[in-house]
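Please build the complete structure, drawing on both the sequences and the hints.
Below are the chains, spelled out letter by letter.
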Amino acid sequence: GDSVTQMEGPVTLSEEACLTINCTYTATGYPSLFWYVQYPGEGLQLLLKATKADDKGSNKGFEATYRKETTSFHLEKGSVQVSDSAVYFCALSLHTGRRALTFGSGTRLQVQP
Amino acid sequence: DGGITQSPKYLFRKEGQNVTLSCEQNLNHDAMYWYRQDPGQGLRLIYYSQIVNDFQKGDIAEGYSVSREKKESFPLTVTSAQKNPTAFYLCASSTGTVLSAKNIQYFGAGTRLSVL
Chain E
464 GDSVTQMEGP
474 VTLSEEACLT
484 INCTYTATGY
494 PSLFWYVQYP
504 GEGLQLLLKA
514 TKADDKGSNK
524 GFEATYRKET
534 TSFHLEKGSV
544 QVSDSAVYFC
554 ALSLHTGRRA
564 LTFGSGTRLQ
574 VQP
Chain C
35 DGGITQSPKY
45 LFRKEGQNVT
55 LSCEQNLNHD
65 AMYWYRQDPG
75 QGLRLIYYSQ
85 IVNDFQKGDI
95 AEGYSVSREK
105 KESFPLTVTS
115 AQKNPTAFYL
125 CASSTGTVLS
135 AKNIQYFGAG
145 TRLSVL
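Sequence lines, in order, name chains E and C.
Residue numbers for the first sequence follow the working numbering, so the first one is 464 and each next one is one higher.
Residue numbers for the second sequence follow the working numbering, so the first one is 35 and each next one is one higher.
Read the hints as simulated data drawn from the structure, not as lab findings.
Quick caveat: nothing in here was measured; it's all calculated off a predicted structure.
Glycine is no exception: its CB is placed at the ideal position from the N, C-alpha and C atoms.
Misleading hints may appear alongside valid ones.
Some, not all, of what chain E presents toward chain C, calculated at C-beta under 10 Å [to be verified]: (1) CYS481; (2) LYS512; (3) CYS553; (4) SER556.
Here's what the structure looks like:
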């Protein structure tokens with residue numbers, strides 16, 4: 464079945480460090496890919512998205528590129544801030560069948576001042 | 035402001051009791067979803083509804099029930115048959131089930147359910 468695999472956390476970084484959170488997927492078709500962010504005690508917010516190969520999603524300094532050849536959608540940011548501390552979820556959806564989101568297990572990011 | 039409202043924020047269930055979690059949206063979305071989140075895990079789909087008066091089981095529907103009598107409402111009942119209900123429950127909605135860059139899934143703030 465369809466699945467998403469994320470690197471395990473927590474990831475602990477100092478402020479202004481570079482961030483990469485790895486995400487790979489398995490899907491029977493050509494999915495749309497998403498990164499969601501969850502702040503403590505809250506629901507999920509869409510961070511960025513990509514719908515086809517080589518698309519780059521970007522928002523708030525975060526970027527991710529849809530790599531069909533490696534089935535990956537790694538999240539990157541050049542300089543993290545304390546306010547970026549949260550749990551990040553990679554997710555996919557197919558354009559046929561059930562069409563709900565399939566999530567990875569989430570990666571907790573802790574940014575220290 | 036448009037959005038998804040989940041209530042209550044915290045809920046406690048006694049053994050053998052059914053409890054209902056509310057989810058209301060004013061985004062005029064056709065599709066609604068219920069997910070369960072356990073600590074350190076991703077979200078798992080419980081039920082989803084593409085249109086009023088229709089809903090489908092997700093991956094972990096056992097012990098749960100839903101209804102979709104109105105477009106804006108999708109309540110989830112956690113029945114006594116659900117033996118491990120302690121979790122964070124998230125409701126979501128989208129304009130349709132063909133999720134794409136133009137059709138994004140929006141989430142409520144969640145309900146945390148605990149067993150007494």
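So, going through the hints one by one against the coordinates:
With a least beta-carbon distance of about 25 Å to chain C, the hint placing CYS481 (chain E) at the interface is violated under the 10 Å criterion. Nearest Cβ of chain C to the Cβ of LYS512 (chain E): about 5 Å, under the 10 Å cut. The hint holds. With 10 Å as the threshold, the beta carbon of CYS553 (chain E) comes within range of chain C, its nearest partner Cβ sitting at about 9 Å, so the hint holds. At a threshold of 10 Å, the smallest CB-CB gap from SER556 (chain E) to chain C is about 4 Å, leaving the interface hint in force.
Hint check: a violation occurs at hint 1 only; the rest are consistent with the structure.
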